[in-house]
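Participant: Chains as they are written, first to last, in the working numbering: chain A, 1 to 484; chain B, 1 to 495.
Worth flagging that the hints you see were computed from the coordinates, not collected in a lab. Idealized CB from N, CA, C, for every residue including glycine. Treat the hints loosely; a few may be bogus.
As the list claims (entries may be wrong) - Each computed DSSO-like pair below joins lysine-lysine, with the alpha-carbon atoms no more than 27 Å apart:
(1) A/Lys426 with B/Lys162
(2) A/Lys426 with B/Lys443
(3) B/Lys375 with B/Lys443
To be verified - Among chain B residues calculated to face chain A with C-beta under 10 Å, some are:
(4) Ser68
(5) Ile71
(6) Tyr182
(7) Asn356
(8) Ile463
(9) Leu466
(10) Tyr467
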Amino acid sequence: MMDLMLFAPELSLVLTGLAVLLIGLFIPTESKKILGYIATLGVIVALFFTVSSLGTQATAFNDTVSIDALSQFFKIVFLVVALLFTISGIKYTEGNSSTEEFFTLGLFATIGMMFVASANDLMVLFIAFELASLATYALAGFEKKNPKSLEAALKYFIIGSLSAALMLLGISYLYGATGTTSIPGIAANADVLVSSPMGLVAVVLLIAGFGFKIALVPFHMWAPDTYQGAPSVVSALLAAGSKKMGIVAALKIFVVALIALQTEWQIAFAILAVVTMTYGNVVALNQTSVKRMLAYSSLAQAGYITMAFVVLTPMALGGGIFYALSHGFMKAGAFIATAAVTYMILSENKDSTDPDHIDNFRGLGRRMPITALSMTVFVFALAGIPLTAGYMSKFILFSSTIQSGFVWLAVIAILNSAISLYYYAKIVKYMYFLPTESEKISEPLPYTIAMVIAVLGVLVLGFWPEPFVYWAMEAAKVLIPGGF
Amino acid sequence: MLPILSLIVLIPLIFAALTLLTKTKEQARSLALVATVSVLLLTVYMYFNFDSSIAANQFEELAQWVPSLGITYHLGVDGISMPLILLNAIVLPLLVLFTWNDERKSPNKFYACILATEGAVIGVFTSLDFFLFYVFWELTLIPLFFMVSIWGGPNKHHAAIKFFIYTHVASLVMLLGIFGLYFAAWDMTGVPTLDIPTLIAQFQFIESGIVKDMIFLALLFGFIVKIPSFPFHSWLPDAYTEAPTAGSVLFVMLKIGGYGLFKIMLPMLPFTASPNLMITIMAVLGSVSILYGAFLALSQKDLKKMVAYSSVSHMGYVTLGAAGLVSLSVSGAMFQQFSHGLIMSIMFMSCGVINNATGTRIINDLGGLAQKMPKLATIMVFTFMASLGLPGLTGFIAEVSVLAGSFVNLPVYVIIALLAIVITAAYHLWALQRAMFGVYNEKLGTVFDINSYQTLSMGIIAILILYFGLNPSPVLDMMLTNSEQIISLMAVMGV
């Protein structure tokens, strides 16, 4: 019973998810709007439980799951993204007969992510990972009549399964070498891992597996298609939520379990970080679809976060973790703003084939002032303009990179950051400076609420980062208890 | 005591937000006037309570912000920043007056941009913490970006993006330098801090010479691009020319690059591993800018472009004077920043008036304007004289101090710069002669002289140019105190 109390946030999501599913079966489509509100409420309750249990330190279920500063931090990230997802989902699912599935899948995906954050055993981690992944595969293909959405889901599913297989194979090698799947247990067998080639094989397999999930180049091929094809609200969940799940899992596996093989994987991550951020930024320059542009920018951002694996100081890891939270707000916000625009375009013209084309952002500053202003905040934050969460994250992460002597890496990252400004500024240019004849329209309320929350998050993290930086640093200490 | 520095930074920023919410031009411009005048009054109050005889920071405010990273909210002013704050505080209300009767789209955003720029620029001048400094430094970009993009000329998008990316890259390089300094000091003391005076003081204890030089060069790059100096000046003519008149004036107020040279670079200079190399770099960039900018200005057909290039030339004196490393040249360079701000404001206002009245800025298409626009002609001739360095006006004091002062240490570079004086006189007089005098070009149709608001604002600035030209000591004294302190530091280090 004690163990269950520790999982109040997850349990409240499970109950909400089941309730939404059941209620949805018995009510007509037109009143399904209520499901979105219920789901939102469930997430808020889970968020409340998580925040009120901050500082708890415990393990449960035979040490396979642990509640600590790291898991708490990432749970908050996932719940924040889930909150934005459910609020904006209220508008997205309007009049859709499968509303209950949409929210239940979203909530279950979040539960999976939260369990990944608290996993202390590779089997739990893997199962939680798959719970989240399966739910998101279905969500990506939620628009059953839209071929792009189906393609998105199919690509995501096939690549996702492949990466799961690689990951599982990697885990089995680790089990073979050390005889345990417990994360601290593997770390304790450092000597075996270093002496046997099995450890190295596992590292290669796991890097490939996680590379797919985090969408690191060259394992990224699915990401632009999936982010573009999936409904924008789902893309928000994928880019801002499930990608962070990959990062927290990678932190646990590499930084905790496989720390003995640090020299082997560190260099791999250095190369992946550089290639990913550069490729993402360069390709993003020429995109005409805003969602695709955000997808490539998401690659670039993942490249920055990967730097934390290279630098491996408490400050860099804290910076990477803080970055994950900031990115949750920025990226989810940007995709939701795109969702609002897509919604507007589709309500004007049902047959529009590419509602997220950048031309549709023309004159948005006049047509949808709140959306345009929020989008401006998100893209400026993603570009790292000061007093936003994005700047604070880059400040910590890049500066810690310099601190530990990886000046070349920081220089590449900073140059990349400068390139990225070009395409982010392009969106602002379209919204405010290019004329359009179209009329001003009233902005959909749920999207607006979600965007305002995200804007507040971006600004609070930028203006008053101290408590969050402190939490992120505490979370980083879980990874490297004694420091380096 | 009143947190006066916070007030002069926050009033414009808060009013910028309020102005955005206004509906009519009347409301927007009134709010802008209230904000800028309040800043002026506070600044004047501050000026009279400022002790010019000490070089230390005054009116300091200090609060913790992100203690775990050593970030503080630390403000203060000294003789380097005070004159520049004064410059902004004086010109901005006059700029609002100047635009009082203008018709333009979204006046609320327009005045919000003016106020946001004022707050950000004064923020840079008052920050004593690198984090805060960088925040305001980057914040200056955003309103100016919008200023050019929304109300600019035909090539506005290109100019805005070029300006934004160019100077943002420079800022990032500067940020690298800040990081380097931050961690080098952190490693030595074990305590993180971004406090500017502390970090400057700790710079000398960094062991590795290469690290010191890299930090210095990275910071220098950021400042040099903002000044801007040859060969990093190419964003300036585009941005200055495409910006609306008020935007050009705001660009002129953006004296943060030169400010960085005096406030951060010079105190660090004696402790670099190769100070002579750094001095040479600055001297070369300064003198080449003076000459090259003047040549480019000479060849311009567009009056506003000519003024923009003359700005490159005039700002060269700032870099050269800083490298001159005697009290006279350094204070002269500081004075040049102040003087250039006043003079260029009128120059750009004149270009804007002419463009509005005649529909063109091409010098050869104008002609005889003085007959139809006597008030403008009077002020313009006066300002052009100040710009080419007529004795008795501010430009003369600045340039003579820089040239005479720098001659001691940098004779060759001063001789290069001297060549530019002839060219400077030539393009100023030639442009005046073609645009303002001679036979009136009838093709221009009916043109009206400047209105009373414009006369008032341009007139006040012109009077200040004369006043500070005859009696520079009210601002020069503060600058002298700080430049003497810098120079005495050099002398101790034997540079």
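Participant: Hint by hint, say whether it matches the structure.
Facilitator: Hint check:
Of the supplied pair hints, the one linking A/Lys426 and B/Lys162 holds, its CA atoms being roughly 12 Å apart against a limit of 27 Å. Under the criterion of a C-alpha separation no larger than 27 Å, the hint pairing A/Lys426 with B/Lys443 is inconsistent with the structure, at around 40 Å. Simply put, B/Lys375 and B/Lys443 have alpha-carbon atoms about 21 Å apart, close enough for the 27 Å limit, and the pair holds. For B/Ser68, the interface hint holds, since its Cβ comes within 10 Å of a Cβ in chain A; the closest pair sits about 6 Å apart.
At a threshold of 10 Å, the smallest CB-CB gap from B/Ile71 to chain A is about 8 Å, leaving the interface hint in force. Proximity of B/Tyr182 to chain A holds as hinted, the smallest CB-CB distance being about 7 Å (cut-off 10 Å). Taking 10 Å as the C-beta cut-off, the interface hint given for B/Asn356 is violated, the closest approach to chain A being about 22 Å. Interface hint at B/Ile463: violated, since its Cβ lies 38 Å from the closest Cβ of chain A, which is beyond the 10 Å cut-off.
Contact between B/Leu466 and chain A, as hinted, is not supported at the beta carbon level, the nearest pair being about 40 Å apart and thus beyond 10 Å. The interface hint given for B/Tyr467 is broken, as the beta carbon of that residue sits about 38 Å from the closest beta carbon of chain A, more than 10 Å.
Checked against the numbered hints given earlier, the structure breaks hints 2, 7, 8, 9, 10 and satisfies all the rest.
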